[in-house]
Amino acid sequence: MSVRSSELELQALMVAGLDGDANAYRALLVKLSAQLRAYFKGQLVHFNRGPVEAEDLVQEALMAMHTRRHTYDRAQLFTPWVYAIARYKFLDYLRRTKRSTKDAPIEDLPEMGIEDDSAHVESALDLEKLLGLIPLKARQAIQSVKLDGLSVAEAAAQTGMSESAVKVSVHRGLKFLASAMHKEMTHHEN
Amino acid sequence: MKTEQLIELLSTNLEPVRSERTGRALAWAIISGGAGAFGVMLLTVRLRPNVDGAPDIGFLVLKLLFLLSLIGSGAALLSRLIRPGQDGRRLFALVLLPFLAIGLAGVVRLAIARPAAWGSMILGTQWATCLFCIPLFAVVPFAVLIGALRKGAPTNLRSSGAVVGLVAGSLGAVAYAFYCPDDSLPFIALWYGGMVALCTLVGAIIGPRLLRW
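Residue numbers (my numbering), protein chains in the order written: chain A, 1 to 190; chain B, 1001 to 1213.
Hints are not guaranteed to be accurate.
[Stated by the list, open to error] Straight-line alpha carbon distances no greater than 20 Å define the calculated SDA-like cross-link-like pairs of lysine to any residue that follow:
| # | chain 1 | residue 1 | chain 2 | residue 2 |
| --- | --- | --- | --- | --- |
| 1 | A | 137 | A | 167 |
| 2 | A | 175 | A | 147 |
| 3 | A | 175 | A | 125 |
| 4 | A | 167 | B | 1016 |
| 5 | A | 167 | A | 84 |
| 6 | A | 175 | B | 1190 |
| 7 | A | 98 | B | 1151 |
| 8 | A | 137 | A | 149 |
| 9 | A | 31 | B | 1005 |
| 10 | A | 98 | A | 167 |
| 11 | A | 183 | B | 1014 |
| 12 | A | 31 | B | 1209 |
| 13 | A | 183 | B | 1016 |
| 14 | A | 167 | A | 21 |
| 15 | B | 1151 | A | 84 |
[To be verified] Here are some, though not all, of the chain A residues that point toward chain B, as calculated from beta-carbon distances under 10 Å:
| # | residue |
| --- | --- |
| 16 | 22 |
| 17 | 73 |
| 18 | 74 |
| 19 | 80 |
| 20 | 82 |
| 21 | 84 |
| 22 | 114 |
| 23 | 115 |
| 24 | 120 |
| 25 | 128 |
| 26 | 140 |
| 27 | 178 |
| 28 | 180 |
| 29 | 183 |
[As the list claims (entries may be wrong)] Which chain A residues stay away from chain B? Per the calculated CB distances, all over 10 Å, these:
| # | residue |
| --- | --- |
| 30 | 6 |
| 31 | 26 |
| 32 | 47 |
| 33 | 49 |
| 34 | 77 |
| 35 | 87 |
| 36 | 97 |
| 37 | 123 |
| 38 | 138 |
| 39 | 160 |
No wet-lab data here; the hints were simulated from the structure.
All C-beta atoms, glycine included, are put in the ideal place defined by N, C-alpha and C.
Looking at chain B on its own, in the form it has when it is part of the complex (with noise of 0.2 Å):
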């Protein structure tokens, strides 16, 4: 086949485009995505009993900012990454600041309590379910993430699957937070920092073969 006559092809009759359309897919994917995880949640481990009680809503409130910090900067980051040309790189320091935030706070905390309560706040009740649920419940806006990036053209599949990663988890562990029964600042910093540094980590390796195209 010649140039000319593709390039005919494409042409003729040519549609006019809405560039709007890929953030306002992503926007839909993230939403549809952390309402997924959030009735898997429904489904398994169900809401925390004393959600809406009053001496627990501050940690709720602790883990849904780390997380909804992290699904910002990743979401800013994805807009990017979904659009050929535009580098983001300036953008992933912004995702590290949670990160060693919380942790800063999770070790702050371990060093102002005695040494003898430090199973309890790094372990909880329940960091197995924790360890479980959250990769789970981010199964499904994983998958409607890479569908989203699939209509979009990411260049960088590594960095895009691993973003995608990083929203998935962070999503999952939203919905696993109106669980959680373990309040403790160390027990957010290793179990959802790094469940959800999992997340990504399985983003960065299996998305440059789902995102191929």
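Next comes chain A alone, as it looks inside the complex (with noise of 0.2 Å):
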């Protein structure tokens, strides 16, 4: 808890993780997901909602940032990236689930660096049920190149298809993951 991890670090690994480099990305990713929990938490109390709403939204910024990581400018700082993009996954939670910000003080800047290990939580969403929401070929592709963890080679000598072909199912792939978790989560709060 509390451990702070610094702009310049978690920007280096957000560089190498836009070029490519999955262990620094995930390193990243472990990083963010503990300071969103502890931002989406703090933000939270305020409304009566637990640790369970705070881990849907946490999980919903991650797919955000992951679906939309090509609007990060590396000259920019990278903090307030991925703060103005938790801050209006937050308000669209509140507009969702019908609550006004005049309810309580939405921060403008938080404090950053927080973090919030208790990973074991876990969110109201199911992988399973998520993947069926979304189309056969794009569940597919997610399901071979991101869970099975076979590359994009392999998937596409086992589906027959092209790997650009298989590239794009996996990326639309995510954007309808994306969406349908987007939906999964208004459906829950309604």
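Can you join these two chains into the complex? Each is in its own frame, and there are hints to help.
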């Protein structure tokens, strides 16, 4: 708890991740999830919402950051990018659950770098169920490349698709998954 | 689902990503949206017959200067609004300058003209066509720009919608300028400025619903 990761460290991991370094990217997401958890829990306290909702939001934010990571400009600071997305997702959550920001102040600039490592909490989102909501081709691509860990070449050979078609399917699949997540969360809360 | 599971999924077989993609998509949207607006103009009102004629070229250039300065500052704003955490607040002032300049020029022009000429200067011959055509021509660029923004990650949806409206309205007005037979400063200030402002307002109103992610 409350270990602070510096902007520079996170930015370096992000840039490596953008270049395709999976280990750096995994390390980044672990650190970010701890920071986001602390941020969302801190915000949700005002609304009597607990760790499960916080975990939903952590996952939705991570998914959003992943599918929109091309919008991060390497010349800019990384932390403001992260918190702009986190804050956007939180305001969106309030809108969906019809709670007013007047009920509680939304911190414009949250205290950055506070971490909460209680990763044992499960979100209310079910991966199998989410996968069931996306088109078959995209689901198969996610299953083989992202879950079974086959390389793109192996997945292409297995399905008879071209490698670029597999990549496109994975890319689209993640976008479908992000919007399925969004819909599921709206569903839970209403 | 545990967050660890999601992290594992996201980082397995990670693909490299180019960040220039975002800026390029915006530039492409402005170019193709502008071309679309021009196409709609050609299909409806057509080019002004003497568009290459010497006497009126000055006014066409003036209209284009006004509109291109709006498109330029609008594009700069969009390239920030599309990326989370980038604040373009200072640029908003830049958008007001062309409006102020053309408004002032229109008022000065009226002040030095005979009041009897005001009516024709303000209304021109085709104010109603202008009123109708600029928003019509703005539809294609508006749709294309919304599409481009949806691929990014705008976090201020109201401002993003407004600026999309501003740029789309300006592109629509550029297309209209190639038809527009009315050459007077008060006309440009009122109808061009007004219609672009209207498109901005519409963008601000419907933007949040279209851009949500």
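*Any CB of chain B closer than 10 Å to the CB of residue 74 of chain A?*
6 Å, holds
*Would residue 77 of chain A pass as off the interface with chain B, using Cβ distances and a cut of 10 Å?*
Incorrect as stated: the minimum Cβ-Cβ distance to chain B is 7 Å, not above 10 Å.
*Over 10 Å to the closest beta carbon of chain B is the bar; see if residue 49 of chain A clears it.*
17 Å, holds
*With a cut-off of 20 Å on the C-alpha distance, tell me whether residue 31 of chain A and residue 1005 of chain B pass.*
15 Å, holds
*chain B contact restraint for residue 178 of chain A - C-beta distance below 10 Å*: 8 Å, holds
*Hold the hint about residue 80 of chain A up to the distance rule: shortest CB distance to chain B must be less than 10 Å.*
Check passed: Cβ of residue 80 of chain A comes within 3 Å of chain B, closer than 10 Å.
*Interface hint outcome for residue 22 of chain A [beta carbon to chain B under 10 Å]*: Since chain B brings a Cβ to about 4 Å from residue 22 of chain A, closer than 10 Å, the hint holds.
*asked:* Can you verify the interface hint for residue 120 of chain A: is its Cβ closer than 10 Å to any Cβ in chain B?
replied: 8 Å, holds
*Can the restraint linking residue 167 of chain A and residue 21 of chain A be considered satisfied, given a maximum Cα separation of 20 Å?*
Holds - the C-alpha atoms of residue 21 of chain A and residue 167 of chain A are around 17 Å apart, at most 20 Å.
*Status of the hint placing residue 82 of chain A at chain B (closest C-beta pair under 10 Å)*: 8 Å, holds
*Over 10 Å to the closest beta carbon of chain B is the bar; see if residue 123 of chain A clears it.*
For residue 123 of chain A, whose nearest Cβ neighbour in chain B is about 5 Å away, the distance does not exceed 10 Å, so it is violated.
*Take the C-alpha atoms of residue 175 of chain A and residue 1190 of chain B, compute the straight-line distance between them, and say whether it is at most 20 Å.*
44 Å, violated
Hint check: violations occur at hints 5, 6, 7, 10, 11, 12, 13, 22, 23, 26, 28, 29, 31, 34, 35, 37; the rest are consistent with the structure.
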